[in-house]
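Those protein sequences? They're chains A and B, same order as listed.
Take the first sequence: its position 160, counting from 1, is numbered 160 in the working numbering, and each next residue is one higher.
Take the second sequence: its position 55, counting from 1, is numbered 55 in the working numbering, and each next residue is one higher.
Hint data in this document are derived by calculation from the structure and do not stem from the laboratory.
Do not rely on the hints blindly, as some may be mistaken.
Across the chosen pairs, the derived CB separations fall in these ranges [as the list claims (entries may be wrong)]:
{"#": "1", "chain 1": "B", "residue 1": "V159", "chain 2": "A", "residue 2": "E325", "range": "31 to 37 Å"}
{"#": "2", "chain 1": "A", "residue 1": "W217", "chain 2": "B", "residue 2": "R127", "range": "55 to 61 Å"}
{"#": "3", "chain 1": "B", "residue 1": "R136", "chain 2": "A", "residue 2": "D294", "range": "47 to 53 Å"}
{"#": "4", "chain 1": "A", "residue 1": "P178", "chain 2": "B", "residue 2": "V159", "range": "29 to 35 Å"}
{"#": "5", "chain 1": "B", "residue 1": "R32", "chain 2": "A", "residue 2": "T131", "range": "54 to 60 Å"}
{"#": "6", "chain 1": "A", "residue 1": "D91", "chain 2": "B", "residue 2": "D133", "range": "33 to 39 Å"}
{"#": "7", "chain 1": "B", "residue 1": "R32", "chain 2": "A", "residue 2": "Q386", "range": "36 to 42 Å"}
{"#": "8", "chain 1": "A", "residue 1": "D91", "chain 2": "B", "residue 2": "P71", "range": "53 to 59 Å"}
{"#": "9", "chain 1": "B", "residue 1": "V159", "chain 2": "A", "residue 2": "E400", "range": "52 to 58 Å"}
Within a straight-line C-alpha distance of at most 25 Å, the following computed PhoX-like cross-link-like pairs (lysine-lysine) qualify [as the list claims (entries may be wrong)]:
{"#": "10", "chain 1": "A", "residue 1": "K123", "chain 2": "A", "residue 2": "K375"}
{"#": "11", "chain 1": "A", "residue 1": "K396", "chain 2": "A", "residue 2": "K375"}
{"#": "12", "chain 1": "A", "residue 1": "K135", "chain 2": "A", "residue 2": "K396"}
{"#": "13", "chain 1": "B", "residue 1": "K150", "chain 2": "A", "residue 2": "K135"}
{"#": "14", "chain 1": "B", "residue 1": "K150", "chain 2": "A", "residue 2": "K229"}
These numbers were taken from a predicted model, which means no experiment stands behind them.
Cβ atoms here follow ideal geometry from the backbone N, Cα and C, with glycine treated the same way.
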Amino acid sequence: MSNPPDIVTGDAEAPAFGAPQAPPLAPVDEARRRTHELWLSGTESPGDMGRFTSEGAQEMLAEEAPAILAEQMGRLVGDDYTAGFAPSSGDTQIINMGPQHPATHGVLRLHLELDGETIRRAKPIIGYLHTGMEKTAEALTYVQGATNVTRMDYMSPFFNELCYSLAVERLAGIQVPPRAQAIRVLMTELNRVASHLLWIATQGLDVGALSMMLYGWRERELFLAFFEKTTGLRMNHDYIRPGGVAADLPDGWEDDIAGILAKVPAGIADYAALLDDNPIFKERTVGVGVITADECRAFGVTGPILRAAGVAWDLRRAFPYSGIEQYRFDIPVGSGGDVYDRYRVRMEEMRQSLRLVEQVAAAMPSGDYRSDDLKVTPPPRARLDQSMEALIHHFKLFTEGFRVPPGEVYQAVESPRGELGMYLVSRGGAKPWRLHVRGPSFASVHSADPVLGDVDR
Amino acid sequence: MTGAAFDAGTPAGAVLAALAERFAAAQFADSRGDPVVRVAPADLVPLATAARETGLTTFIDLCAVDYLSRPEGRFEVVVHLLSMEARLRLRILVAVPGDDPRVPSLTGVFPGANFYEREAYDLFGIRFDGHPDLTRLLLPDDWEGHPLRKDHPVGSVPVQFRALEEEP
Numbered sequence: 001m002s003n004p005p006d007i008v009t010g011d012a013e014a015p016a017f018g019a020p021q022a023p024p025l026a027p028v029d030e031a032r033r034r035t036h037e038l039w040l041s042g043t044e045s046p047g048d049m050g051r052f053t054s055e056g057a058q059e060m061l062a063e064e065a066p067a068i069l070a071e072q073m074g075r076l077v078g079d080d081y082t083a084g085f086a087p088s089s090g091d092t093q094i095i096n097m098g099p100q101h102p103a104t105h106g107v108l109r110l111h112l113e114l115d116g117e118t119i120r121r122a123k124p125i126i127g128y129l130h131t132g133m134e135k136t137a138e139a140l141t142y143v144q145g146a147t148n149v150t151r152m153d154y155m156s157p158f159f160n161e162l163c164y165s166l167a168v169e170r171l172a173g174i175q176v177p178p179r180a181q182a183i184r185v186l187m188t189e190l191n192r193v194a195s196h197l198l199w200i201a202t203q204g205l206d207v208g209a210l211s212m213m214l215y216g217w218r219e220r221e222l223f224l225a226f227f228e229k230t231t232g233l234r235m236n237h238d239y240i241r242p243g244g245v246a247a248d249l250p251d252g253w254e255d256d257i258a259g260i261l262a263k264v265p266a267g268i269a270d271y272a273a274l275l276d277d278n279p280i281f282k283e284r285t286v287g288v289g290v291i292t293a294d295e296c297r298a299f300g301v302t303g304p305i306l307r308a309a310g311v312a313w314d315l316r317r318a319f320p321y322s323g324i325e326q327y328r329f330d331i332p333v334g335s336g337g338d339v340y341d342r343y344r345v346r347m348e349e350m351r352q353s354l355r356l357v358e359q360v361a362a363a364m365p366s367g368d369y370r371s372d373d374l375k376v377t378p379p380p381r382a383r384l385d386q387s388m389e390a391l392i393h394h395f396k397l398f399t400e401g402f403r404v405p406p407g408e409v410y411q412a413v414e415s416p417r418g419e420l421g422m423y424l425v426s427r428g429g430a431k432p433w434r435l436h437v438r439g440p441s442f443a444s445v446h447s448a449d450p451v452l453g454d455v456d457r
Numbered sequence: 001m002t003g004a005a006f007d008a009g010t011p012a013g014a015v016l017a018a019l020a021e022r023f024a025a026a027q028f029a030d031s032r033g034d035p036v037v038r039v040a041p042a043d044l045v046p047l048a049t050a051a052r053e054t055g056l057t058t059f060i061d062l063c064a065v066d067y068l069s070r071p072e073g074r075f076e077v078v079v080h081l082l083s084m085e086a087r088l089r090l091r092i093l094v095a096v097p098g099d100d101p102r103v104p105s106l107t108g109v110f111p112g113a114n115f116y117e118r119e120a121y122d123l124f125g126i127r128f129d130g131h132p133d134l135t136r137l138l139l140p141d142d143w144e145g146h147p148l149r150k151d152h153p154v155g156s157v158p159v160q161f162r163a164l165e166e167e168p
């Protein structure tokens with residue numbers, strides 16, 4: 001990275017070599033110094049500010065390019081709907097919202113053009129949580145990859161792992177036993193309910209129904225406790241892996257599922273009783289944020305937003321995976337495409353997911369929880385003490401990984417937020433040549449739906 | 001594969017057959033069950049327009065791949081379209097040369113391509129001609145380089161430790 005433009009004017013004398021002294025406080029413009037003291041309480045000099053942060057100076061620079069400066073000052077506003085920059089009229093004002101704002105539930109910054117209290121235009125600015133996970137995936141073997149992708153969306157980690165595992169299995173031609181498939185469906189559908197519970201908690205909080213925040217987290221805890229018992233972790237599980245799942249379901253899992261199925265539907269009925277006909281909630285959601293089906297298609301918006309707009313599209317039905325086609329579930333569909341319809345769709349999705357969980361738990365097949373293909377599955381622990389070959393195989397699998405034949409594949413699953421897709425390219429090695437993640441929220445940010453676990457990746 | 005090879009009896013085959021008929025220059029192939037079509041950069045926008053008109057109305061994804069050395073061209077721009085009615089996914093591949101990577105923008109056909117093209121520009125340095133606002137999306141505006149290129153090593157940007165420099 002280059003150094004940021006030097007904001008210091010005048011010549012600062014270089015200190016003598018080896019002289020133990022603080023960096024010279026360069027002379028700066030008095031007004032600018034006062035601004036800095038407001039921000040920094042006089043603890044650091046403005047020169048340090050520009051020199052030591054990794055993203056350059058954290059202020060608006062006079063040397064900034066005129067176009068960028070105009071945007072920062074609010075004289076220009078970008079608009080992704082009309083796709084162009086236009087000078088704002090005198091009647092509107094432009095404000096910056098975020099990146100840290102209590103209503104974004106993620107790190108999202110918006111340029112808003114306001115006319116009174118009406119938002120005329122909005123430009124989303126993302127990337128504040130970008131961690132380069134696609135690049136990281138190229139440096140990890142296929143065995144390690146699930147550990148990386150699970151962190152892309154902390155609200156639905158099982159879906160990330162499932163999508164990645166399905167993509168690898170399709171490329172490598174790995175067969176997954178029925179019990180592993182059923183466990184995958186069980187865990188992902190539980191995860192869908194947990195994710196929607198977090199959504200209803202924060203959605204309720206945003207529109208002034210503070211009780212929903214407490215209720216949503218309360219029920220979600222049941223799911224996280226079961227996840228922890230099964231996988232060892234409350235989130236970022238690395239449980240679904242290429243070839244199957246990491247471990248079998250724990251002893252007594254039937255009782256845990258029965259406990260969830262006994263408590264959560266009653267909770268969902270309570271939320272519906274609180275919100276469905278609540279005049280304040282309806283006032284703030286009915287007719288708000290309407291997205292039509294055609295707009296959804298053009299922008300690639302999927303999931304509950306698309307279904308609320310009236311399209312009965314669900315990848316579990318259209319392109320079934322993990323044997324989900326053998327269970328019965330309905331696809332809820334809205335009609336208006338507004339926030340209230342999205343609320344109703346997500347509430348019904350929770351009921352349908354619990355219905356799926358009940359069916360899977362009742363018909364859980366016996367057998368292996370991972371593939372018996374020894375190229376992707378480590379040998380049983382007991383074999384390591386008896387067989388040198390097994391020990392070598394175990395070592396090679398976890399150091400080198402397994403090889404995947406050259407090719408490319410696009411695999412998508414229906415995550416709680418919509419179509420989560422992964423485009424995986426192999427050139428024959430033990431690491432992906434390229435992993436591109438098509439996150440559902442990335443497309444939804446165009447439509448400003450505020451549940452965005454995975455935009456930045 | 002030509003248009004005649006598609007089974008026009010199925011909805012997906014009918015869409016592909018109609019597309020192959022309308023756009024004879026496209027080369028269709030099959031990749032593990034998914035239809036794939038490879039076009040030259042100049043034909044991308046006409047093909048995407050024809051695809052949208054034949055039923056592939058949903059824009060799903062656009063990304064780039066860096067193959068480093070390859071006879072067709074170093075980069076590949078990969079577009080995924082979807083037809084919900086025909087339950088059909090179509091993958092469009094465009095090979096792009098490495099020395100001056102340029103592709104026509106799809107934002108005029110699918111407005112959803114806007115962010116995806118900015119992402120591909122940000123991470124690969126591929127320029128999308130006709131894009132209304134081709135700026136960095138995920139990285140800071142003053143970032144140098146395009147980190148998802150294969151010649152951009154992992155860990156090449158040093159982490160700055162402020163505390164060490166402030167200690168006396």
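>> Can you confirm whether the C-alpha distance between B/K150 and A/K135 stays at or below 25 Å?
In response: holds, 9 Å
Consistency of beta-carbon spacing, B/R127 to A/W217, with hint 55 to 61 Å:
Distance hint for A/W217, B/R127 is violated at roughly 46 Å.
Could you say whether the range 47 to 53 Å given as a hint is met by the Cβ separation of B/R136 and A/D294?
The hint (47 to 53 Å, Cβ to Cβ) is violated, given that B/R136 and A/D294 are roughly 30 Å apart.
Range hint compliance [Cβ, B/V159 to A/E400, 52 to 58 Å]: violated, 29 Å
- Task: Could you say whether the range 54 to 60 Å given as a hint is met by the Cβ separation of B/R32 and A/T131?
- Result: violated, 30 Å
* To do: Can you let me know if the beta-carbon spacing of A/P178 and B/V159 is within 29 to 35 Å?
  => violated, 47 Å
CA of B/K150 to CA of A/K229, is that 25 Å or under? Status violated; Cα separation ~40 Å.
Q. Measuring from beta carbon to beta carbon, are B/R32 and A/Q386 in 36 to 42 Å?
A. holds, 39 Å
| query | Are the Cα atoms of A/K135 and A/K396 separated by 25 Å or less? | reply | holds, 24 Å
- Straight-line alpha-carbon gap A/K396 to A/K375, limit 25 Å: Given that 25 Å is the threshold and the Cα spacing comes to 10 Å, the pair holds.
- Message: Quick check: does the Cβ-Cβ distance between A/D91 and B/D133 fall within 33 to 39 Å?
- Response: violated, 24 Å
request  = State, for the Cβ atoms of A/D91 and B/P71, whether the hinted interval 53 to 59 Å holds or is violated.
outcome  = Because 57 Å falls inside the window, the suggested range holds.
Hint violations for this structure: numbers 1, 2, 3, 4, 5, 6, 9, 10 and 14, all remaining hints satisfied.
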